[in-house]
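Engineer: Chains as they are written, first to last, in the numbering used here: chain A, 10 to 261; chain B, -5 to 465; chain C, 189 to 638.
It should be emphasised that the hints constitute simulated quantities derived from the structure, not laboratory data.
Not one of these hints is a red herring.
List time: in silico DMTMM-like cross-link candidates among lysine to aspartate or glutamate, alpha-carbon distance up to 25 Å:
(1) B:Lys255 with B:Glu374
(2) B:Lys305 with B:Asp220
(3) C:Lys570 with A:Glu62
(4) B:Lys252 with B:Glu221
(5) C:Lys570 with B:Asp321
(6) B:Lys370 with C:Asp520
(7) B:Lys364 with C:Glu553
(8) A:Lys235 with A:Asp223
(9) A:Lys174 with B:Glu425
Spelled out, the chains give:
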Amino acid sequence: MNTLDIRNLSVRVAGNEILKNFSLTIPKGEVHAIMGPNGTGKSTLAKALAGHEDYEITGGDVLLDGTSILELEPDERSRSGLFMAFQYPSEIPGVSIANFIRAALQARLAEGEELEATKYYKRLYEKMDLLSIDRKFTARSVNEGFSGGEKKRCEILQLAMLEPKYAILDETDSGLDIDALKVVAHGVNTLRSQNMGVLLITHYQRLLNYIVPDRVHVMYDGRIVKSGPKELALELEANGYEWVRDHATATA
Amino acid sequence: MSTTAPTPSFDLNRDIGDFSYPESHKFDAGAGLSERTIDYICDVKGEDDWIRAFRKKALQVFLSKPLPTHWASRDLETINFDKIRYYLSSGQQPKRTWNEVPDDIKQTFERLGIPENERKFLAGVEAQFDSEAAYSNIKEAVGKQGVIFVGSTEGLMKHPEIFRKFFGKVIPTGDNKFSALNSAVFSGGSFIYVPPGVKVKHPLQAYFRINAENFGQFERTLIIADEGSEVTYMEGCTAPKFGTATLHSAVVELVALKGAKIEYITVQNWSANVFNLVTKRAMAEEEAVVKWIDCNIGSRLTMKYPGVVLKGRKARGEVLSIALANDGQHQDTGAKMIHAADETTSNIISKSISIGQGRSSYRGMVHIPKHLSGCKNNTECDALLINTNSRTDTYPAITVRGNRNSVQHEASVSKVSADQIFYMQQRGLSEAEAMSLSVNGFVNDLTRQFPMEYSVELKRLIDLEMEGSVG
Amino acid sequence: MSSTLQAPATGATPASLEAAFARHLEECRQLPDWWLEMKRSAFERYRSLPMPSRKDQSWRFSRLRGLELDRFDFNSTTPAADHAGLIARSNLVSRTAGSMVFSDDRLIHNQPVAAELAAQGVVWEPIADALQQHRELLQEYFMAQDPRLGSEKFAALHTAFVNAGCLLYIPKGVEVELPFIAYHWASVAGGTVLPHTLVIAEESARLTLVDAFFAADRSAPHFACGFNHIFAGDNAEVQYYSLQDWSRRAVGFQINSLVTGRDARIKSLGINTGCSHFRGEHQSLLQGAGSHVDMFSLSVASGEQEMDQRTLQRHLAPNATSDLLFKNALSDASRTIFSGLIEVAEAAQQTDAYQTNRNLLLSPEAEANSLPGLEIHANDVKCSHGATTGQIDESEMFYMLSRGIPLNKARELLVFGFFEEVIGNIDEDEMADNVRALIERKFHEDASAQ
Chain A
10 MNTLDIRNLS
20 VRVAGNEILK
30 NFSLTIPKGE
40 VHAIMGPNGT
50 GKSTLAKALA
60 GHEDYEITGG
70 DVLLDGTSIL
80 ELEPDERSRS
90 GLFMAFQYPS
100 EIPGVSIANF
110 IRAALQARLA
120 EGEELEATKY
130 YKRLYEKMDL
140 LSIDRKFTAR
150 SVNEGFSGGE
160 KKRCEILQLA
170 MLEPKYAILD
180 ETDSGLDIDA
190 LKVVAHGVNT
200 LRSQNMGVLL
210 ITHYQRLLNY
220 IVPDRVHVMY
230 DGRIVKSGPK
240 ELALELEANG
250 YEWVRDHATA
260 TA
Chain B
-5 MSTTAPTPSF
5 DLNRDIGDFS
15 YPESHKFDAG
25 AGLSERTIDY
35 ICDVKGEDDW
45 IRAFRKKALQ
55 VFLSKPLPTH
65 WASRDLETIN
75 FDKIRYYLSS
85 GQQPKRTWNE
95 VPDDIKQTFE
105 RLGIPENERK
115 FLAGVEAQFD
125 SEAAYSNIKE
135 AVGKQGVIFV
145 GSTEGLMKHP
155 EIFRKFFGKV
165 IPTGDNKFSA
175 LNSAVFSGGS
185 FIYVPPGVKV
195 KHPLQAYFRI
205 NAENFGQFER
215 TLIIADEGSE
225 VTYMEGCTAP
235 KFGTATLHSA
245 VVELVALKGA
255 KIEYITVQNW
265 SANVFNLVTK
275 RAMAEEEAVV
285 KWIDCNIGSR
295 LTMKYPGVVL
305 KGRKARGEVL
315 SIALANDGQH
325 QDTGAKMIHA
335 ADETTSNIIS
345 KSISIGQGRS
355 SYRGMVHIPK
365 HLSGCKNNTE
375 CDALLINTNS
385 RTDTYPAITV
395 RGNRNSVQHE
405 ASVSKVSADQ
415 IFYMQQRGLS
425 EAEAMSLSVN
435 GFVNDLTRQF
445 PMEYSVELKR
455 LIDLEMEGSV
465 G
Chain C
189 MSSTLQAPAT
199 GATPASLEAA
209 FARHLEECRQ
219 LPDWWLEMKR
229 SAFERYRSLP
239 MPSRKDQSWR
249 FSRLRGLELD
259 RFDFNSTTPA
269 ADHAGLIARS
279 NLVSRTAGSM
289 VFSDDRLIHN
299 QPVAAELAAQ
309 GVVWEPIADA
319 LQQHRELLQE
329 YFMAQDPRLG
339 SEKFAALHTA
349 FVNAGCLLYI
359 PKGVEVELPF
369 IAYHWASVAG
379 GTVLPHTLVI
389 AEESARLTLV
399 DAFFAADRSA
409 PHFACGFNHI
419 FAGDNAEVQY
429 YSLQDWSRRA
439 VGFQINSLVT
449 GRDARIKSLG
459 INTGCSHFRG
469 EHQSLLQGAG
479 SHVDMFSLSV
489 ASGEQEMDQR
499 TLQRHLAPNA
509 TSDLLFKNAL
519 SDASRTIFSG
529 LIEVAEAAQQ
539 TDAYQTNRNL
549 LLSPEAEANS
559 LPGLEIHAND
569 VKCSHGATTG
579 QIDESEMFYM
589 LSRGIPLNKA
599 RELLVFGFFE
609 EVIGNIDEDE
619 MADNVRALIE
629 RKFHEDASAQ
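With the hints as constraints, model all of the structure from the sequences given.
Structural biologist: Rendered as structure tokens:
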């Protein structure tokens, strides 16, 4: 039961079938990486799991610890323990990071319960220290005017504060220079635990030098075409995505 | 499994403003407006002849002026001036201490959710229940500093040497039809004088309420800050709902003498049947600073354009305003900056939110004549539209002449993006909470400049208005 | 202010104007009946409409001077001896697809389109000729857009007296590279000109047209009341340039109306240097989804000139975009008024509309008025406006001086830099250079007049 279980999921976007009978199981405590060429449906998977309304589920199911989440609104999915780090996080002018995370935590409490401010800030600062994030950060509006690296760090901070059961990191490495990538990877590694399953979505093998996955899956044309241990990423890097394409057409 | 998102809880709800108490008015001028109405008001209040003459002249001006519908909303034509009662009073004398305040009025404050600690503030407050000040107490410390804080009639009668000089001078009777109306029938409001160099630490506050059907409020406020003094005044209003339209038409004049600072804060939350047609203007002498903070949440139609006449060198004027227009509401607000001396500066920041079929309009006037130099104005107007049928307009008018003067005006219209809402939902916030957070974020850089209790109240009011606008 | 208009409410049209209209009808009696009938009812409308007053929102800040129309001769004619000189001076662009020269509303020169374009169905004709052969086009499009910015009465006047102008019709899919150009000269002192330009671009057609408004004597008074209407069909692309250099004592109106079909693109760019009182109205109707309009204007005002410009970007269809940049440079005791409105209808979701007004005050006596407006009825829009008024940036000035550039030259460079943001949008290099020369001439004239 301690799994995020994606079963034969098919997803349509603007009338086109992007995910086709996609299946994957992520147990708690493990980090799985999905790699694949652009346009193969990786980000569609992330958005569909998070419940974006533009992504129409045409078949299959997604079970979070044994319970289907497909009927839930995006916020209900979040509160049930699913976190997504966005490839392009939205800017929210005028709303500070501290207030934003506080509102998100408050939404997880039962009616009538109040988040205790001092405890909240203590914990926030702890996590920031853990992730080597400057405390001045909290007063800034969410993602507004952030550099690419700052946006991604802000995503990881939210991940740390919300403590989800499963986290999907959608192309968290894209657009980052090597220093920023190290900071983000350090954050994810710090947060790895037996209580959380992680799905890393990436186009580049580079990220996996810093976050070593338990399993690697290769995605092509809306489904997983090959799975293996972490060495698969290196194999893929050596052979290029054409190798996947050939492999996929051979097995199709 | 439930799919309904939890609704956010609010400390305040719409119904709280929707109540009234039994009316018992000792003095009632009856419906309609004529010289007899004015005689009645003057007699009841025992006013001097010059005030009677002032009122009667104003009545003629009011009658002679057309409604400004060639530029303003035609909704004004639905006001029936003959049905309005222009003066009502319980006949009570202004109160001095909290203990002397009638219980039912205390109850009103309680139901409005004014917190316990804020009632201590009321020690320095002019609270208006109907048209006569029901409660008035000059805080001991303020009185010791020589500050005069009285009602309009008392101010004109007991301190004519101070107030008569500026009364009706910043806003002449004939400024517009509604300033003329107020000049004819004004009652209540606050007259404040702050002596030279005195800095009033605590904000002076006034709570206004309308509590009678077809009954208009015509407060008159005049604040004079003498050289080098500082004062903050807060005005907040809530009103019960009634079936027929109610008219509120105040005149507020501020005089900031050399080096003085005045901050005037309003949170307007009249019920949705009130016409709120207010004239507010300040005069700023050399190096004086006047700041209007104006929040308009309620009313059916608000027309209000706080202004500053920058009369002395290096004077500064500011208007910070927030308007929220929901279904059936039109917030027609803005600002006027009249530069009349060198090196004067002005700043206008206006944010409006239109929800449902609400309409918000900004009208502005910035005037810099030719003999001046080194003047600056900066204006920013941002409008947020929530629903597809929400509406916003912006109508500024800027005239610049002279030497080394510069003016900048920027306006933008936007909506809360679907991506933004999805992002917040992914963090576990309901759609309504996400919307509320976005909207509060939109006004945040302005509300940050407000006193704490007002920004908290404002946030509650915005949350309240946002309810039901999504999903 | 002896010349300030004492506007009669209605009906009191000066006797001289009544007589002039009778003479005008007599002069064009050979034209078709429907045309004359239209003129009669337009004159009737002119009589019945009130003169604008400053109390009208659309005339706020206008001085409304010089509108005593009985001062002007509505039947003026240029002596034939002057024609050759005016034709020679009509040299803004050397290579054109077609050009016409009018003086005091009479055609004095016509360069028709090449046979090849004519064979493709391109129509380039004086309106008087088009009345016979292209009656349907004129009946459908002539003055088909009502003025929305205040000049209803002058639209009626224009229709009543119109005689000069051109019809340009580009059929579906035809693309014309070279520009068309119409020169309108005001030649006789105290005369009147009422230029008309009608452009119809069918689906996917492409064209460029220039209107040039010049005065033979730049110090003689005259009255001008021009209208141009541009209809860009689906996916059509139109560039429209107008250069207003009427005399310094002229009273001029120029009403510019643009209408877009689906995915159509129109660029309209106007330069104003002439007139003692100039009123420009520019209205864009974005009625085709995905269409785009650019509106540029540069007014260079000096002496006691008043340049009064009103604009409207009216978005009726979704996904359309519009961008407006109006710049004014003011010297001496000149005045400018910019009043702009972006109007977004409920159906026009995903509108992207911008409006910018920049005023450069070059003298403490000059007065810039700015009324940038928005009326938004749709929520999924991006709209903004900005207006700035100021002097030459002192730090830029200092920078130039510190490089050894003399004060006058530095000032001129900075001012021309200010103009360039508009002039740079003229795609015809030759015309852009001529515009620069024209403005430079005005600048130097003003300088030597002091």
